[in-house]
Amino acid sequence: MKRSLVVASVGLAAGIAALTAQSGQPEQEQTMKPTITSGKQIALMADISGSVFRDVKLSGSEFENVDMSQTRMHDINLSDISISAANLGGAHFKHLGPAPGPNGQQERQKALTFEEAQLCDSTFTRVDLSNVKIIDCNVKGMTIDGVLVTDLIAAYKNARK
-18 MKRSLVVASV
-8 GLAAGIAALT
2 AQSGQPEQEQ
12 TMKPTITSGK
22 QIALMADISG
32 SVFRDVKLSG
42 SEFENVDMSQ
52 TRMHDINLSD
62 ISISAANLGG
72 AHFKHLGPAP
82 GPNGQQERQK
92 ALTFEEAQLC
102 DSTFTRVDLS
112 NVKIIDCNVK
122 GMTIDGVLVT
132 DLIAAYKNAR
142 K
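Under our numbering, the letters of the sequence shown match residues -18 to 142, in that order.
Don't take each hint at face value.
Claimed, not checked - Taking lysine to aspartate or glutamate pairs in the EDC-like style, the calculated list, with each CA pair at most 20 Å apart, reads: (1) Lys114 to Glu97; (2) Lys91 to Asp56; (3) Lys38 to Asp56; (4) Lys75 to Glu88; (5) Lys114 to Asp126; (6) Lys114 to Asp132; (7) Lys121 to Asp102; (8) Lys21 to Glu43; (9) Lys21 to Asp36.
Said to hold, decoys possible - Pairwise CB distance ranges (calculated): (10) Gly85 to Asp56: 13 to 21 Å; (11) Glu97 to Gln51: 24 to 32 Å; (12) Pro15 to Ala72: 28 to 36 Å; (13) Val37 to Tyr137: 43 to 51 Å; (14) Val120 to Thr52: 29 to 37 Å.
Quick caveat, the hints were computed from the structure, so don't treat them as lab data.
C-beta: ideal position from N, C-alpha, C; glycine also.
The whole structure should be built from the sequences, with the hints applied where relevant.
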């Protein structure tokens, strides 16, 4: 646990070092100066709320027992990450997947896996669910374009008799 906190602290501290004051940024950001230039850092039991990370490499970092509530992330590469024991209540995910190419088309990304997740009362709008597999899941009350999935499954099973 100490090692993961150390690694997380290193990554967070490295991010602080990458901060640069630019015009048009909030006044707090303009007064903040980079404090770390590079290298692994350790931050244990630290409060760095309100910190800004821009153009920072945090690959291979570990975060454990970290409060990232109300964090805003944009243009983030989260490929191959593992998230467990996370509270995502109220989270909003938008524009997920690779950026569209010059032709406006989006390449397929690696598959995502949701396991032992609670997605009740969630809404998926304009989401590509092609080749999605829903296995051993509670779909009670789930609708697709206003039609109950349980009714669709029942109709399918009746048609196969």
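Which earlier hints turn out false for this structure, listed by number in ascending order? Structure breaks no hint.
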